[in-house]
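Trainee: Here is what each chain is made of, one letter per residue.
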Amino acid sequence: MARMNMIQAINSAMDIAMERDPNVLVFGEDVGYFGGVFRATAGLQKKYGKRRCFDAPISEGGIVGAAVGMGVYGLRPVVEIQFSDYIYPAFDQLVSEAARLRYRSAGGFTAPLTVRTPVGGGIFGGQTHSQSPEAIFTHVCGLTSIMPSNPYDAKGLLLSAIEDDDPVIFFEPKRIYNGPFDGHHDRPLTPWTKHDLGEVPEEYYKIELGKAKIVRPGEKVTVICYGTMVHVCLAAAEESGIDAEVIDLRSLLPLDLDCLVTSVKKTGRCVIVHEATKTCGYGAELVSLIQEHCFYHLEAPIERVTGWDTPYPHAYEWDYFPGPYRVSRAIKKVMEE
Amino acid sequence: MKTAPLSLHIPEPKTRPGDLVDFSDIQIPAAGIVARPASDIDAAAMRDYAYALIRVLDDKGQAVGEWNPKLSADTLRLGLRHMVLTREFDERMMKLQRQGKTSFYIKCTGEEAIGVAQAMALDDKDMLFPSYRQQGLLVARGCPLVRLMNQIFSNTQDNLKGRQLPIMYSEPDYGFFSISGNLGTQYPQAVGWAMASAYSGDTRIAAGWVGDGSTAEGDFHYALTFASVYRAPVVLNVVNNQWAISTFQGMAGGEQATFAARAVGYGLPALRVDGNDFLAVYAATEWAAERARNNHGATLIELYTYRAAPHSSSDDPAAYRPAEEAKNWPLGEPIERLKKHLIAIGEWSEERHAALVTEMTERVMEQLKEASSHGTLGNPPPNDPGSMFEDVLKEVPGRLLIQREEMLALRAAAAQEGV
Ligand SMILES: Cc1ncc(C[n+]2csc(CCOP(=O)(O)OP(=O)(O)O)c2C)c(N)n1
Ligand SMILES: [Mg+2]
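These protein sequence lines are chains D and A, in that order.
Quick note: the first sequence, position 265, residue 265 per this note's numbering, numbers continuous.
Quick note: the second sequence, position 344, residue 344 per this note's numbering, numbers continuous.
You may find that some hints are simply not true.
As the list claims (entries may be wrong) - With a straight-line cut-off of 35 Å between C-alpha atoms, the simulated DSBU-like cross-links for lysine-lysine are: (1) D/K333 <-> A/K394; (2) D/K194 <-> A/K14; (3) D/K194 <-> D/K266; (4) A/K14 <-> D/K46; (5) A/K161 <-> D/K333.
Since the hints were derived computationally from the structure, they do not count as laboratory data.
A quick note: this is a predicted structure, and the numbers were derived from the prediction, not measured.
Required output: the full structure, derived from the provided sequences and hints.
Mentor: Here's what the structure looks like:
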């Protein structure tokens, strides 16, 4: 075991994948010599040479398009989109190409690529360094969407993503790269190195895609979340004083529906939390599935706590970010009925 | 037949931290040797310009050759003034970012001639579609620094209501388009604005800017296609400052051909210009503007310069390039070069220059005092959170009215409970 923050865990996953499989290569803007603006690829070029870890032109469409072509050849490209706010020039390559190649060629061609991209706010990055566009991609059949909430999961999930034979988008909540930020922006952040989930095996291990994790067992209400919001929800559950069960989805698609249904059937109440905007957000799909599967067990309407339906406002970041106070109020609210 | 195995080419800059600076492969033609064609020349006759380098100021500080725009000493001194102000403003703002007064800053150190000379060469009514590194455009157009500082501080007087990352200005009254965080998007928009101006029988033209790195984005190529096809009255600038964060210009294809040469494939004329030479930048912009205004269409200008600043306040270039590069850039530094020229023609002195720097520093400090009186980032916390729901659409839609109520109620409850 080693102590790692999330960046180091992600770096370790790529390192191991490159070590194990010569077909794995890593590229993206500033990822080569410099090691990425968040340092996620630090040391990889030095270790594996610039043939296997290199810079790309500033062309997200080019990066993903080239990765599709490499995947077709038989490589396993792992590409970085510097911020998920900059993924849109690659939209066509992801949605029309990577996602549908297997289907339209009846399995004749496939693109086993992994797109890593930082998401979320809380860093005073303004509207083009803070977005959470995951629901835009979960709407696309043929794409797998993953979002870890801690170093241990990040490493195991990224290794699974890289080995997956279909395109995976691996969303990295940048606000928790260094520690489990719980939304209390006025308090010091505990670094991952002082946290249980900062204990990461140095060797190879995988976490199956599509498996949620109950991060806080409870009886009274189910709180469903992912990414940074996992830590916000844990704090909120604590502060609400209510025996909440908090579920970290880890994988948005495929979704661990069984885990959610079992929990909601047990508690009869549900709060869904994400940082992304509300309307047509991933929470809408979750609400829908839960009412389909748990309708007769529900004691109260399902609550959603999300970012507001506006771009991320720089100066009002903490009024925008769904913090623990807001989540704990929602938890209390579903208990009222 | 036996074939050797293929190998993949990955571009690499000649030097990295710890290496001696090496600009030996940069060809610097003498000033004044490039001819100035009529601005209505056929693009096909312009191909060599994509590989030339228009320079006016020679090593002795004299203005030479056909591209000398023959500006009055007053105009030159005004240009110098704008450049010094831009630099002093940048220095002060970066310091304030370091002190935590704001979250982010970007300097244009070494590139001041570009924004300043180009704004002066264009008409004040022409529309500018900049990237984030042309603050000189606003300075030269007379936008008060206090407006920019208010935006940088996201304070109560911020014209963007605290919504945008610092330096992502939007100044409609100064013909300065809202800066996007997404690289290159402004380029086809500049072309579209120019098409609209032509469509409307207007006389105004547009200008757009992207960096060397951003030429790799699809938007760059969309813009050139549209500009060429519709002969749009637009000046398209590529600021080749050698770096895109940690990535050298070769990663955008700058080793195979010049950035100016991209125009050739689209049938557009290109001018390649010494970007640290105020006079050359002015003259090239004037030429392209005249061409556009006379309905001969777009020009691509490559401004050859060096990003002496870090990419942004979040960047440390010592991690990827030799620290001494900026000082050794073979084309020097724009303020020094214009100053030298003014002195050489007997219109300036070291004393006057020192006084100018002091005056501009004081100007920045005065404006800063005013801006700070309206607050710096988070101090005091901005006081109109409800405003975040405005301008998503013209009318605040029903669902946002509900969300605004919810947010305000939440704040009130939190305040009451003391959280
Ligand atoms: C679409 C998009 N991709 C990536 C980024 C991240 N990014 C911001 S600036 C930058 C480098 C741009 O370099 P260049 O175009 O040369 O302009 P310069 O900073 O040198 O002025 C990058 C990669 C972005 N803002 N937008
Ligand atoms: Mg650049």
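Trainee: Hints first: check each against the structure and report whether it holds.
Mentor: Tested hints:
no. : hint              : result
1   : D/K333 <-> A/K394 : 33 Å, holds
2   : D/K194 <-> A/K14  : 42 Å, violated
3   : D/K194 <-> D/K266 : 33 Å, holds
4   : A/K14 <-> D/K46   : 17 Å, holds
5   : A/K161 <-> D/K333 : 33 Å, holds
Comparing the model with each earlier hint shows a violation of hint 2 alone; every other hint is respected.
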